[in-house]
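Novice: Assemble the complex: chain A is given as a structure, and chain B must be docked to it using the hints.
There are 2 protein chains.
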Amino acid sequence: MALHGHSLIGFSQGSNSNGTFSGMNPVTGAELPELFYTASAEDVDRAAMLAKKAFETYSTTSGSVRAAFLRAIANELEAVRPLIAERVPLETGLPEGRANGELGRTIGQLRMFADLVEEGSWVDARLETAQPDRAPVPKPDLRSMHISLGPVAVFGASNFPLAFSVAGGDTASALAAGCPVVCVAHYAHPGVSELAGQAILRAIKACNLPEGVFSLLQGTGQEVGAPLVAHPAIKAVGFTGSRLGGLALSKIAAARKEPIPVFAEMSSINPVILLEGALSERSESLAAGLTGSVGLGVGQFCTNPGLVLLPEGDAAEAFMTQFSTQMDSASGGVALHAGIAAAYATSIEAKHQHGSVETLVAASPTKGAEVAPSVFRTTAAALLQDEALAAETFGPSTTLITYADTDELVALIASLEGQLSGTIQYAASDLPLNDSVVSALRNRVGRLLLNGFPTGVEVCAAMIHGGPFPATTDGRSTSVGTLAIHRFTRPFCYQSFVSDALPAELKDGNPLGIWRLVDGKRTQA
Amino acid sequence: MALHGHSLIGFSQGSNSNGTFSGMNPVTGAELPELFYTASAEDVDRAAMLAKKAFETYSTTSGSVRAAFLRAIANELEAVRPLIAERVPLETGLPEGRANGELGRTIGQLRMFADLVEEGSWVDARLETAQPDRAPVPKPDLRSMHISLGPVAVFGASNFPLAFSVAGGDTASALAAGCPVVCVAHYAHPGVSELAGQAILRAIKACNLPEGVFSLLQGTGQEVGAPLVAHPAIKAVGFTGSRLGGLALSKIAAARKEPIPVFAEMSSINPVILLEGALSERSESLAAGLTGSVGLGVGQFCTNPGLVLLPEGDAAEAFMTQFSTQMDSASGGVALHAGIAAAYATSIEAKHQHGSVETLVAASPTKGAEVAPSVFRTTAAALLQDEALAAETFGPSTTLITYADTDELVALIASLEGQLSGTIQYAASDLPLNDSVVSALRNRVGRLLLNGFPTGVEVCAAMIHGGPFPATTDGRSTSVGTLAIHRFTRPFCYQSFVSDALPAELKDGNPLGIWRLVDGKRTQA
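Protein chains in written order, with our numbering: chain A, 30 to 554; chain B, 30 to 554.
The hints are simulated quantities; they were obtained by calculation from the structure and are not laboratory data. Warning: the hint list may mix true and false statements.
All copies of an identical chain are treated as equivalent in the list; a pair is satisfied when it fits inside any one copy or across any two copies.
[As the list claims (entries may be wrong)] With a straight-line cut-off of 30 Å between C-alpha atoms, the simulated DSBU-like cross-links for lysine-lysine are:
{"no.": "1", "residue 1": "K550", "residue 2": "K280"}
{"no.": "2", "residue 1": "K81", "residue 2": "K286"}
{"no.": "3", "residue 1": "K168", "residue 2": "K234"}
{"no.": "4", "residue 1": "K536", "residue 2": "K168"}
One chain only, chain A, in its complex shape:
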């Protein structure tokens, strides 16, 4: 399959007159030969208007129709697995094994949402029976459920070219919710994006769904994404990426005549707390585990542990030496693109030059888009004084801080911005866990984990991949797991409606057999 390089505007190709760009192989630094065409203003408008038109019918499709569609996308992706596995390394430097694994996750996500909407109870159907004789006023028949919000703009992330990109979790959950998607491909992997976009288009056609349920725009966020978010037909935004990018989109969304929600997953340093017992009991395995977690995916994971808090003392000093040795001999890797490598270099140089920071492991010299592991140490006082020290460094780096006592630990946690995750490493001797520590951490994060490492995000009904600002722009949401669908729905009420015109989820007799709340009772009847 040759890549044609055009945006996919409904069933037709986008403009070829608005300039071109190419992917770049971060390993070799060489431009890839294929040309891609930046979407024009007309492309953006046409994609959004097609999505608006498609919404009229797609939003009313049944759960089984959407399930078949999501499974068709999964199958179409599986069918081009060899092409994807070949293209991902070229555009991102990620190894073929990772590409295959991430494709499996992407396919798994699509099938998970297919199962969810096929079963159907997710709409939270609620029925209240009319009481025409109630005094002083009759009670009307009321039925509510979650319905589709409208066309969604999805921004592909650089660090998960499949699972958080064109056919990733945002797209899967929006399509499951009944919302057409206009996706902005990440400019660093336009070819992988086209492959995924073509797979979605084939699934639309195979399922006889209307043109406009999906479009793919090639180009940069600034040039293509900004006008898309401003377009009146777009009703929500899904984004995973930098804080700068997420906040820029939020600003555009808020300034619209009709403001729209932006679900941007942006920035997190995922604090890991080592309690005294854990440190004394399994210092070696903690050092090894942390080294693995910091370096996973060359440190380019949203859940990368960028801050480690240890109780001060000899055990902490020994751990830091041990950990630094391991990090020093760990290999770095090639960043997803040159921009990330440059930002990493700037960030670690700033820490290195900081008066209150000690460099434990200096990143060894690299070339091109390579990045090498680094470790820093600073003090609780310094962190409390300079919040820049708690800013995310995207790459294989972490910062260690010792705390004097529980009060200082709680103060350190409370000083942090919102995070995707927080981790406590404990041993039996650390139990029961200190309530203040757990409570302070809970207030700052979306996921609290014990004796694990934050990298590795399970895709399931109970996963929450979100957290207070700036981990996300909306801490009341998750971008992973089945709950992610509710970013793109709204509750809707039918009052005294005629049965024929009600959606199946709310009809008398419960034809879908879903779980509903009927006059206060949860029932499948």
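Specialist: Relative to chain A, chain B alone:
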């Protein structure tokens, strides 16, 4: 019980050095004798900081503790019913019967949320069992539920001095969610606000809850509300009021270092569509019903039908004559405060002077805060050209428009901003309902009702009182009904947690017996 006029900052009284104001009797135009003291900047800060402190413990209280608390508030309100029923008419001009009815609704809302959190399933608990032997990576134990968001700022509405005010739906749902509340009393009914605030404080003490779970600030939104919304301790805002006010608060909330969600219910004209069959079959009862709905509460309801769409022809002309006659002889009333009467006068004068608008019923001359019913007529073309004609006129007024055919009706609906409700009046001969009309209306509203009138909002599990912007700032929410609790929660995940430290909702063995989703199965086991 004498009114002391101070803000209620936790368990103590607020400042008396920041100026005073008084309520005004809108019927007589006379200032009421009691003085109220505008909260100082220190009061605002102290209330917010007390709420932050109280959150630490209150957010972890069980559903039964919160249920007992909400019921205690309900009982304390009931205990001061005579005082409230006496004070409401003085400050708002609303009759004593309405005060008693609205107090009943307020008490009912508190008890509804008490039942909800006592039962406990609302937290949407989800458990995924660990699979330590899964390849290639083990699956961790994951458990999620909705937890409290943080301290909430609530703004009392002028038009429901009880049900949407100090102890109203926003406060009830926030307290049910485990969030302390700092309430800004509406300056037009400070005495009623103090009575409700004192009732909440007595309930806090009776239930041994910490100081700061509730505070009440006296003063105006600009002076007191703005710094409250900007305060870092506040994590969400509930508001019912004008578009201007809601947007101003949204702007402050978005400009914070940590932006927070604002749930503002602001502006709606609640279109009512009369289909041909309905018009020919029951023109008289429709005219009577509409007259009642437009005039209910002197037109000061969020769900007031401000736009009526009829199929053009003789029947429409006859209906308009009939309706105008009834509206002309309907009595107006006294607005809640002079500001509303003045805004009503300005709004209807602008319509009266508009070149494309015909005045069918001119408001008869009034004095003081009185307002009289008015009816206008314009054309579809005029509405499509000038969106100012679709702006809310707060008071007993509506505008009629005839449509040529279904296409024009759909275009008219599509041109409207987001609405709380939309209504279709049909007869058997109008069935089946036209899909395009239903679909266009569904896209614009939060509640779609048949053969009823939009005023009268049932408080129950299936009610949605929300809708696309500008009906609310967040169309993904409702401010009435049990779902309103989710404005003030966020999903949270515990990974590999020790059973002792888990909340009861997520513990093994389901000690609360709530409905949970366990490995994909809904169960009470």
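Novice: Confirm or reject each hint.
Specialist: For each hint, the structure was consulted:
1. K550 <-> K280: Neither, since 42 Å and 40 Å both go past 30 Å.
2. K81 <-> K286: This pair counts as within: shortest intra-copy Cα distance 17 Å, inter-copy 34 Å.
3. K168 <-> K234: neither (46 Å within a copy, 36 Å between copies)
4. K536 <-> K168: For K536 and K168, the Cα distance is within 30 Å only inside one copy (18 Å; across copies 38 Å).
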